[in-house]
Structure formats: C-alpha cells, structure tokens
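J.: Its first residue numbered 642, the sequence shown is counted upward by one per residue in the working numbering.
A few of these clues could be false.
Claimed, not checked - Quick list of in silico lysine-lysine cross-link-like pairs, BS3-like style, CA-CA up to 27 Å:
hint, residue 1, residue 2
1, Lys731, Lys697
2, Lys730, Lys697
3, Lys730, Lys687
4, Lys731, Lys687
5, Lys697, Lys687
The hints are simulated quantities; they were obtained by calculation from the structure and are not laboratory data.
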Amino acid sequence: NYTTRSIIAHIQKKKKMDYIDFIFLVIPTGAFFGYRSTPYEIYISKNESVSVLHTKVRNILLHEYRNASFNLRAVDVELREYVHMEPEKKISDYLDKVPAEISFHFLVESESHLL
Numbered sequence: 642n643y644t645t646r647s648i649i650a651h652i653q654k655k656k657k658m659d660y661i662d663f664i665f666l667v668i669p670t671g672a673f674f675g676y677r678s679t680p681y682e683i684y685i686s687k688n689e690s691v692s693v694l695h696t697k698v699r700n701i702l703l704h705e706y707r708n709a710s711f712n713l714r715a716v717d718v719e720l721r722e723y724v725h726m727e728p729e730k731k732i733s734d735y736l737d738k739v740p741a742e743i744s745f746h747f748l749v750e751s752e753s754h755l756l
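Full structure from sequences and hints, please.
T.: This is the structure:
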C-alpha cells in the first residue's frame, strides 16, 4: 500500500531528524593532561538528557582515563563561546541557539582543571 509506505518513510525521516552527530574534543588539562586532541563523534537523539550524553562520552574515554570526572561544554563555533551543559537539561536545549548550517560541537573539560 503506497499510503502505508509514505507514512513509514515520513516516520523514519522524522526519527532521523531527532538525532544529531556530535563532534567533541577533550581539553588536554587536569586528568586529561597529555591527551591527544582527536575529535570523536557521537550519534544521539536531541531529546536525550545531557546526562545520557555524558555517559556516552565516559564510555568512549573509560579505557584510557577510567573514572576521570569531567564537564561538558556546548560550543558556538561562530561566536567562539561555550556554556556549561547541565545534566538535567535536554540536549535540544543547547541546540536552539545554533544555526542549522553550523555543526554543533562540545568540549570535554576535566573537573580537576576547574579546582
């Protein structure tokens, strides 16, 4: 049935629009001193909480840095500004300010760097 296929295609497209590829860098300070600043990519729903994003980052860094404490910072590439990403907020809360043409990025910053 053409109508059913159209609806399924629309739902799949909508689901894809809910996801975003994040590129992140680790700031080589504190617990991450000497870290090779290699960009990583995470594919995640915009509707997830920042704490879920934090867990995904931790899983990527776990092998090399074990339980290093860190914060996430949202970066506005055009303005060269960043803000602390609060765990209880949704990822989408940090996307509203970012123009669609610009990739959204974030930084991983060691908590010991802030002390």
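J.: For each hint, tell me whether it holds in the structure or not.
T.: Evaluation of the provided hints:
The suggested pairing of Lys731 with Lys697 holds, with an alpha-carbon distance near 15 Å, which does not exceed 27 Å. With a C-alpha separation of about 16 Å, the suggested pair Lys730 and Lys697 falls inside the 27 Å cut-off, and the hint holds. Note on Lys730 and Lys687: the hinted pairing holds, with a Cα-Cα distance of about 11 Å set against a maximum of 27 Å. Under the criterion of a C-alpha separation no larger than 27 Å, the hint pairing Lys731 with Lys687 is consistent with the structure, at around 7 Å.
Taking the CA atoms of Lys697 and Lys687, the gap is near 14 Å; set against the 27 Å cutoff, the hint holds.
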